[in-house]
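For this one, chain A is given, so just place chain B on it according to the hints.
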Amino acid sequence: DVKVTQSSRYLVKRTGEKVFLECVQDMDHENMFWYRQDPGLGLRLIYFSYDVKMKEKGDIPEGYSVSREKKERFSLILESASTNQTSMYLCASSYRDSFAFGPGTRLTVT
Amino acid sequence: GENVEQHPSTLSVQEGDSAVIKCTYSDSASNYFPWYKQELGKRPQLIIDIRSNVGEKKDQRIAVTLNKTAKHFSLHITETQPEDSAVYFCAASMGNQFYFGTGTSLTVIP
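Protein chains in written order, with our numbering: chain A, 1 to 110; chain B, 111 to 220.
Keep in mind that the hints were calculated from the coordinates and are not lab data.
Lysine to any residue pairs mimicking SDA-like chemistry, simulated, CA-CA at most 25 Å apart:
no. : chain 1 : residue 1 : chain 2 : residue 2
1   : A       : 71        : A       : 60
2   : A       : 57        : B       : 111
3   : A       : 55        : B       : 205
4   : B       : 181       : A       : 59
5   : B       : 167       : B       : 122
6   : A       : 71        : B       : 156
7   : A       : 55        : B       : 209
8   : B       : 168       : B       : 123
9   : B       : 181       : B       : 157
10  : A       : 3         : B       : 157
11  : A       : 57        : A       : 85
12  : A       : 53        : B       : 209
13  : B       : 147       : A       : 10
Pairwise CB distance ranges (calculated):
no. : chain 1 : residue 1 : chain 2 : residue 2 : range
14  : A       : 52        : B       : 118       : 36 to 42 Å
15  : A       : 61        : B       : 162       : 26 to 32 Å
16  : A       : 96        : B       : 178       : 15 to 21 Å
17  : B       : 137       : A       : 98        : 19 to 25 Å
18  : A       : 57        : B       : 122       : 35 to 41 Å
For each residue, glycine too, the CB sits at the ideal point set by N, CA and C.
Just chain A, same shape as in the assembly:
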């Protein structure tokens, strides 16, 4: 079984802070993804990466950046957190048809 872990389950940050969300997978998957999940909006793709140091913008990349220095780790960065970034953030990884989610980080920006 693929194991995808995220650094925090719950996080509270202040407006303007720089926020790092970390995701690690242990199955040597090529692809990694960051989604945010909001009621009524489903899962929206922020960024994805198909290889080390490679990244592609998803549907809602504004206000976010990512880093993938190692194959197993994919970080989501909020350069200056804002209240409209309060959300559930889900990391995922995949290889071919195998796709798995992390447990999620519920981020609150006050």
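The following block gives chain B in isolation, referenced to the frame of chain A:
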């Protein structure tokens, strides 16, 4: 890119009745269609999937059908139980990318 639409957004059924959730997709190149179940406070988990060379797949009380011509696929849950209450997401995939529907919140009333 691909566009996945999912209906209904909410669904309530009596215990023992059947539930059907429908999704449509836009890109005929999509060839893999998984369904995920997300219980409250947990990560989405794969419950069933279907590939484009198959029209129907069944796993106990859960079945998925695919109509490639019409570009739609459906999740069928029979003899629903309270533990089926969750949010269900459909997805369409081609290559590296997965595109999700907006989710259906299913409530099974005892």
